[in-house]
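*Asks:* In case you want the letters, here they are:
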Amino acid sequence: MLGQSSESSFWLPVNASSYGGEVDWVFYFIYGVCVVMMVLIVVLAVLFIWRYRHRPGVEPSRLSHNTPLELTWTIIPTIVVGFIFYFGFVGFLNMNTPPRNLYEINVTAFKWGWAFQYPNGHVDQNLHIPRDRPVRLILSSQDVIHSLYIPAFRIKKDAVPGRYNKMWFKATKEGEYHLFCAEYCGTKHSEMYAKVIVHDPTQFAAWLEEAANWAAKLPPAEAGQKLYSVRGCAQCHTVDGSGGIGPSFKNIFGESQKLRDGSSVLVDEDYIRNSLMNPGSQIVAGFENVMPTYKGRLKDVEITALIEYIKSLSEHYEAPPAAVEESAPEENATQPAAQHSTGGENTKP
Amino acid sequence: MTIATTASPELEPAARSRNYLNQTRGLRSWLITLDHKRIGILYMVAILGAFFLGGVFAVLLRTELISPGPTLIKDPVRAWDFYNHMFTLHGAVMTFMFIIPAIPAILGNFVLPIMLGAKDVAFPRLNLLSFYLYAFGGVFFVWVLLSGVIESAFGIKLYGGGGLDTGWTFYTPYSTSTSSAVVPAVLGAFILGFSSILTGLNFIASMHMLRPKGMTWFRMPLFLWALYGTSAIQILATPVLAITLLLLVAERTLGVGIFDPALGGDPVLFQHFFWFYSHPAVYIMILPAMGIISEVVSVFSRKHIFGYSFIAMSSIAIALLGFLVWGHHMFTSGQSPVANAIFSLLTFTVSIPSAIKVFNWLATMHGGSIQLKTPMLYAIGFIMLFSIGGLTGLFLGSLATDIHVHDTYFVVAHFHYVMMGSTLFAFLAGMHYWWPKIFGKMYNEYLGRLAALVVFVGFNLTFMVQFIAGAHGMPRRYANYLDEFTIYHQISTIGSYVMAAGLVMVAINWLDSLVRGRPAPENPWGGNTLEWQTTSPPPTENFARTPTADDPYALHKWRYDASIEGYVKVAE
Ligand code: HEM
Ligand SMILES: [Cu+2]
Numbered sequence: 000m001l002g003q004s005s006e007s008s009f010w011l012p013v014n015a016s017s018y019g020g021e022v023d024w025v026f027y028f029i030y031g032v033c034v035v036m037m038v039l040i041v042v043l044a045v046l047f048i049w050r051y052r053h054r055p056g057v058e059p060s061r062l063s064h065n066t067p068l069e070l071t072w073t074i075i076p077t078i079v080v081g082f083i084f085y086f087g088f089v090g091f092l093n094m095n096t097p098p099r100n101l102y103e104i105n106v107t108a109f110k111w112g113w114a115f116q117y118p119n120g121h122v123d124q125n126l127h128i129p130r131d132r133p134v135r136l137i138l139s140s141q142d143v144i145h146s147l148y149i150p151a152f153r154i155k156k157d158a159v160p161g162r163y164n165k166m167w168f169k170a171t172k173e174g175e176y177h178l179f180c181a182e183y184c185g186t187k188h189s190e191m192y193a194k195v196i197v198h199d200p201t202q203f204a205a206w207l208e209e210a211a212n213w214a215a216k217l218p219p220a221e222a223g224q225k226l227y228s229v230r231g232c233a234q235c236h237t238v239d240g241s242g243g244i245g246p247s248f249k250n251i252f253g254e255s256q257k258l259r260d261g262s263s264v265l266v267d268e269d270y271i272r273n274s275l276m277n278p279g280s281q282i283v284a285g286f287e288n289v290m291p292t293y294k295g296r297l298k299d300v301e302i303t304a305l306i307e308y309i310k311s312l313s314e315h316y317e318a319p320p321a322a323v324e325e326s327a328p329e330e331n332a333t334q335p336a337a338q339h340s341t342g343g344e345n346t347k348p
Numbered sequence: 000m001t002i003a004t005t006a007s008p009e010l011e012p013a014a015r016s017r018n019y020l021n022q023t024r025g026l027r028s029w030l031i032t033l034d035h036k037r038i039g040i041l042y043m044v045a046i047l048g049a050f051f052l053g054g055v056f057a058v059l060l061r062t063e064l065i066s067p068g069p070t071l072i073k074d075p076v077r078a079w080d081f082y083n084h085m086f087t088l089h090g091a092v093m094t095f096m097f098i099i100p101a102i103p104a105i106l107g108n109f110v111l112p113i114m115l116g117a118k119d120v121a122f123p124r125l126n127l128l129s130f131y132l133y134a135f136g137g138v139f140f141v142w143v144l145l146s147g148v149i150e151s152a153f154g155i156k157l158y159g160g161g162g163l164d165t166g167w168t169f170y171t172p173y174s175t176s177t178s179s180a181v182v183p184a185v186l187g188a189f190i191l192g193f194s195s196i197l198t199g200l201n202f203i204a205s206m207h208m209l210r211p212k213g214m215t216w217f218r219m220p221l222f223l224w225a226l227y228g229t230s231a232i233q234i235l236a237t238p239v240l241a242i243t244l245l246l247l248v249a250e251r252t253l254g255v256g257i258f259d260p261a262l263g264g265d266p267v268l269f270q271h272f273f274w275f276y277s278h279p280a281v282y283i284m285i286l287p288a289m290g291i292i293s294e295v296v297s298v299f300s301r302k303h304i305f306g307y308s309f310i311a312m313s314s315i316a317i318a319l320l321g322f323l324v325w326g327h328h329m330f331t332s333g334q335s336p337v338a339n340a341i342f343s344l345l346t347f348t349v350s351i352p353s354a355i356k357v358f359n360w361l362a363t364m365h366g367g368s369i370q371l372k373t374p375m376l377y378a379i380g381f382i383m384l385f386s387i388g389g390l391t392g393l394f395l396g397s398l399a400t401d402i403h404v405h406d407t408y409f410v411v412a413h414f415h416y417v418m419m420g421s422t423l424f425a426f427l428a429g430m431h432y433w434w435p436k437i438f439g440k441m442y443n444e445y446l447g448r449l450a451a452l453v454v455f456v457g458f459n460l461t462f463m464v465q466f467i468a469g470a471h472g473m474p475r476r477y478a479n480y481l482d483e484f485t486i487y488h489q490i491s492t493i494g495s496y497v498m499a500a501g502l503v504m505v506a507i508n509w510l511d512s513l514v515r516g517r518p519a520p521e522n523p524w525g526g527n528t529l530e531w532q533t534t535s536p537p538p539t540e541n542f543a544r545t546p547t548a549d550d551p552y553a554l555h556k557w558r559y560d561a562s563i564e565g566y567v568k569v570a571e
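Here the protein sequences line up with chains U and Y, keeping their order. Using numbering that gives the first Met the number 0, read the first sequence as starting at 0 and increasing by one per residue. Using numbering that gives the first Met the number 0, read the second sequence as starting at 0 and increasing by one per residue.
If you're looking for bench data, these hints aren't it; they were derived computationally from the structure. These numbers come from a predicted model, not from an experiment. Every residue gets a Cβ at the ideal spot worked out from N, C-alpha and C, and that includes glycine. Any given hint could be a false lead.
[Claimed, not checked] Under the rule of at most 30 Å between Cα atoms (straight-line distance), these lysine-lysine pairs were calculated in the DSS-like manner:
no.	chain 1	residue 1	chain 2	residue 2
1	Y	K73	U	K257
2	Y	K73	U	K194
3	Y	K73	U	K249
4	Y	K568	U	K249
5	U	K257	Y	K156
[Claimed, not checked] Here are the computed distance ranges between Cβ atoms for each label pair:
no.	chain 1	residue 1	chain 2	residue 2	range
6	U	E58	Y	L71	55 to 63 Å
7	U	T96	Y	R218	53 to 61 Å
8	Y	L253	U	E268	38 to 46 Å
9	Y	L253	U	T77	44 to 52 Å
10	U	Q202	Y	V55	48 to 56 Å
11	Y	L157	U	S263	29 to 37 Å
12	U	E268	Y	A249	41 to 49 Å
13	Y	S335	U	E208	20 to 28 Å
14	Y	S335	U	D267	36 to 44 Å
15	U	I48	Y	S308	19 to 27 Å
16	U	L265	Y	V255	23 to 31 Å
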């Protein structure tokens with residue numbers, strides 16, 4: 000169940016981070032100021048419209064200024080916004096003063112997904128964190144500006160190519176939360192969705208251990224299938240022959256592909272490996288050079304697994320008996336984004 | 000008490016029926032006209048055309064969002080591209096071609112010289128040139144944007160380019176890497192910017208050179224003060240946009256590496272340049288609106304404007320402070336926390352002069368004799384929407400809360416309240432206020448008020464829920480969304496249909512008045528600014544004899560005369 004559904008209020012989603020409460024407090028403080036001001040304005044307007052409606056024979060007043068009054072309504076708002084600035088500033092300072100002993104996770108944003116890399120090398124497309132432990136995310140981007148946004152934590156930071164932005168938070172409630180990209184980044188900006196999963200602190204280490212080795216523990220084609228969604232291939236390549244941003248994987252293994260420069264190439268192990276390492280070097284006719292490189296981001300065993308998976312999508316290739324969809328372990332560590340409820344081609348059951 | 004019709008008693012009846020509309024005939028006489036009033040009308044046709052286009056796409060955008068998943072086009076990837084091209088078109092056309100020019104170019108052009116008692120603006124030829132820059136830049140811009148929408152929707156290529164899918168903000172490095180036609184689009188925006196600069200220059204020169212006898216700076220109507228502040232920003236800020244756009248073109252075509260980190264550039268630098276123009280530009284949009292509201296609230300309350308000099312000075316304060324707050328668009332970009340704090344503090348200082356104006360308008364109504372005619376209804380709508388927009392700005396100026404709502408629908412709602420709610424409502428107030436003067440015809444008052452009500456209700460229905468969606472975390476510029484946001488989007492979409500219906504009623508009323516409207520008196524509302532002291536519509540030279548200005552809000556000098564359904568001056 001998503002954390003949001005249980006205790007969100009009319010204005011704000013559920014709060015699951017340590018400083019969320021402070022943000023909410025400022026939010027409601029400003030909200031209070033707004034309500035008071037708006038009621039004042041509406042009441043005065045309605046009152047005046049009624050009280051001073053046009054009536055024949057009644058002369059309007061000729062009053063045209065009143066300096067003390069004008070000074071009053073200049074000074075009072077000045078003081079009020081001074082307070083709002085101060086509270087907002089203090090709340091912001093806390094977001095910028097991380098405690099020590101942070102658990103660090105490297106985040107790479109790309110069109111259109113996230114790669115969260117853990118200290119032990121495991122890369123996940125969802126963000127898993129332990130409860131009650133301050134976490135720091137170190138953000139970078141492979142292509143354009145993205146922005147990592149977790150409403151339940153009241154936190155957002157841009158991932159800017161060429162620089163490392165940092166953000167920290169401490170989750171206070173276990174559960175699953177939304178993670179969005181908030182900076183417009185092209186075609187599938189709205190599909191750039193991931194989950195934040197807050198684990199019980201004692202079980203987090205166990206999860207991480209398990210997650211890090213999952214690919215090696217599965218039959219290659221099956222591991223490849225999961226990698227296909229986990230590492231963002233599914234964002235651009237379909238496996239059923241339908242269109243996409245990149246070529247579909249269906250029935251390509253062992254066939255020859257026409258390239259943009261007019262030449263052709265046989266789709267074999269070498270070609271697939273090269274497409275992962277140097278995506279720009281052999282572009283299939285009719286497609287743009289938009290794929291990011293996976294150089295240094297995939298282990299050899301993972302590349303092999305992906306190759307096996309692509310093989311398994313070809314009719315000429317006989318799938319080993321283990322490559323059955325249902326046999327994936329139920330632990331959702333590496334659950335593909337495909338399962339979020341956004342709709343779109345990722346959501347096909 | 001003796002009553003005399005003042006305005007132009009020395010005009011013969013034959014001369015009276017000759018006005019700027021019928022002085023000369025034929026399309027050619029319009030296309031080469033140097034008359035500011037005719038140029039105002041040319042702008043009116045062009046800008047309303049742009050508004051219509053932007054409006055159609057607003058409704059299409061909302062329709063796409065009526066349910067999650069692809070709606071108008073079934074194939075998801077194409078649907079997302081289609082949406083991205085559409086919101087770029089909508090945002091860019093509305094910003095560069097409607098809200099920035101609408102009030103200055105249409106109403107400013109028409110009214111400013113007459114309010115100054117002048118025959119024309121200071122540089123009539125420059126005025127015509129700036130119209131043609133708008134027209135050519137606009138046609139070019141729309142062509143690029145529309146062809147992109149058509150290409151992504153139907154796969155039909157109209158030209159080699161591929162439209163624009165960057166959003167109206169052109170953020171790098173997306174804009175330097177997308178395959179869409181950034182360079183031609185930027186060129187269009189560049190030309191539009193020049194049009195804006197020339198209009199600003201012309202207005203400032205006119206106000207310095209052409210003020211009539213009796214009009215000291217502090218007797219200038221507040222609409223003119225507002226146009227003065229606006230023009231100053233146009234002249235100072237627009238060149239920054241022009242340079243930024245040129246840098247973008249250089250980056251894209253030559254790869255000079257100003258914004259590209261791979262070449263040692265900084266992608267966030269673009270945002271600084273961009274907002275250094277675009278934040279002040281928000282005040283280009285809002286100041287003239289405030290000017291109109293000051294006129295309308297005073298006239299329809301039959302009362303002297305309250306706190307004239309506070310209002311005039313707050314226009315200038317807003318214009319100046321508006322230059323210092325651009326960094327509040329970048330609180331999450333990773334700029335230094337110190338910069339964030341300074342920008343936050345400065346942002347709050349701009350809210351004060353805005354608050355002052357709201358209180359002044361309310362105080363003007365106090366003790367008045369209020370007539371809820373169509374322009375006044377829009378003005379009251381303006382005060383409400385502007386207040387909501389301004390107050391929700393407090394959430395965005397405050398650092399802690401901005402981090403949460405930045406780039407969500409909360410921001411979409413906020414800027415529609417300030418930019419569209421205020422500018423559009425003031426524009427409609429001004430159009431109805433000066434319509435009798437411009438065309439010499441009265442519109443249907445009943446239909447006018449009904450339409451104002453429908454537009455107001457539709458507006459709030461559309462955008463109020465977006466505050467809630469945004470606070471709950473719905474990011475903006477999303478072609479698709481999670482199921483839990485559906486209810487907000489549905490209400491919003493229905494609201495947009497209601498508002499569209501209201502705007503259609505406005506259009507029908509105007510067109511109908513041109514055909515069947517009863518002739519307008521010289522001064523239907525009893526204003527004391529100079530434009531009400533000439534015939535409706537005015538003659539080509541505006542006045543038979545150069546008028547003398549006095550206090551523009553000395554409304555007690557005018558009395559209603561039922562026999563002409565207008566106001567006449569009380570002889571002193
Ligand atoms: C029926 C009226 C309107 C509706 C339903 C409407 C709706 C929308 C929608 C759905 C978006 C996209 C939001 C997003 O995905 O971030 C948008 C963006 C925008 N609209 Fe409107 N809009 C309307 C009128 C206007 C008007 C009159 C203006 C200008 C005066 C305007 C200015 C903008 C701007 C500047 C953007 C930002 C585009 C961007 O994100 O770059 N809108 N509008
Ligand atoms: Cu993104």
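*Asks:* Compare the structure with each hint and give your call.
*Replies:* Status of the hints after comparison with the structure:
1. Our distance criterion of 30 Å between C-alpha atoms is met by K73 (chain Y) and K257 (chain U), whose separation comes to about 28 Å.
2. Restraint check for K73 (chain Y) and K194 (chain U): the C-alpha separation of about 26 Å stays at or below 30 Å, so the hint holds.
3. Straight-line distance between C-alpha atoms of K73 (chain Y) and K249 (chain U) comes to about 22 Å, which keeps the hinted pair within the 30 Å bound.
4. Distance hint between K568 (chain Y) and K249 (chain U) is unfulfilled; the C-alpha atoms sit about 84 Å from each other, more than 30 Å.
5. A C-alpha spacing of about 23 Å is found between K257 (chain U) and K156 (chain Y), which places the hinted pair at or below 30 Å, so the restraint holds.
6. Between E58 (chain U) and L71 (chain Y) the beta carbons are some 58 Å apart, a value that agrees with the proposed interval 55 to 63 Å.
7. Judged by the Cβ atoms, the range 53 to 61 Å given for T96 (chain U) and R218 (chain Y) holds: they are separated by roughly 55 Å.
8. Take L253 (chain Y) and E268 (chain U): their Cβ atoms lie about 40 Å apart, and the range 38 to 46 Å holds.
9. Hint check: L253 (chain Y) to T77 (chain U), Cβ distance near 48 Å, so the stated range 44 to 52 Å holds.
10. Range check, Q202 (chain U) to V55 (chain Y): about 54 Å between beta-carbon atoms, so the 48 to 56 Å window is met.
11. At about 32 Å, the beta-carbon gap between L157 (chain Y) and S263 (chain U) stays in the expected band of 29 to 37 Å.
12. The supplied range of 41 to 49 Å is met by E268 (chain U) and A249 (chain Y), whose beta-carbon atoms lie about 43 Å from each other.
13. Distance hint check for S335 (chain Y) and E208 (chain U): the Cβ-Cβ separation is about 39 Å, which falls outside the suggested range of 20 to 28 Å.
14. Separated by about 51 Å at the C-beta atoms, S335 (chain Y) and D267 (chain U) break the suggested range of 36 to 44 Å.
15. Between I48 (chain U) and S308 (chain Y) the beta carbons are some 26 Å apart, a value that agrees with the proposed interval 19 to 27 Å.
16. Take L265 (chain U) and V255 (chain Y): their Cβ atoms lie about 41 Å apart, and the range 23 to 31 Å is violated.
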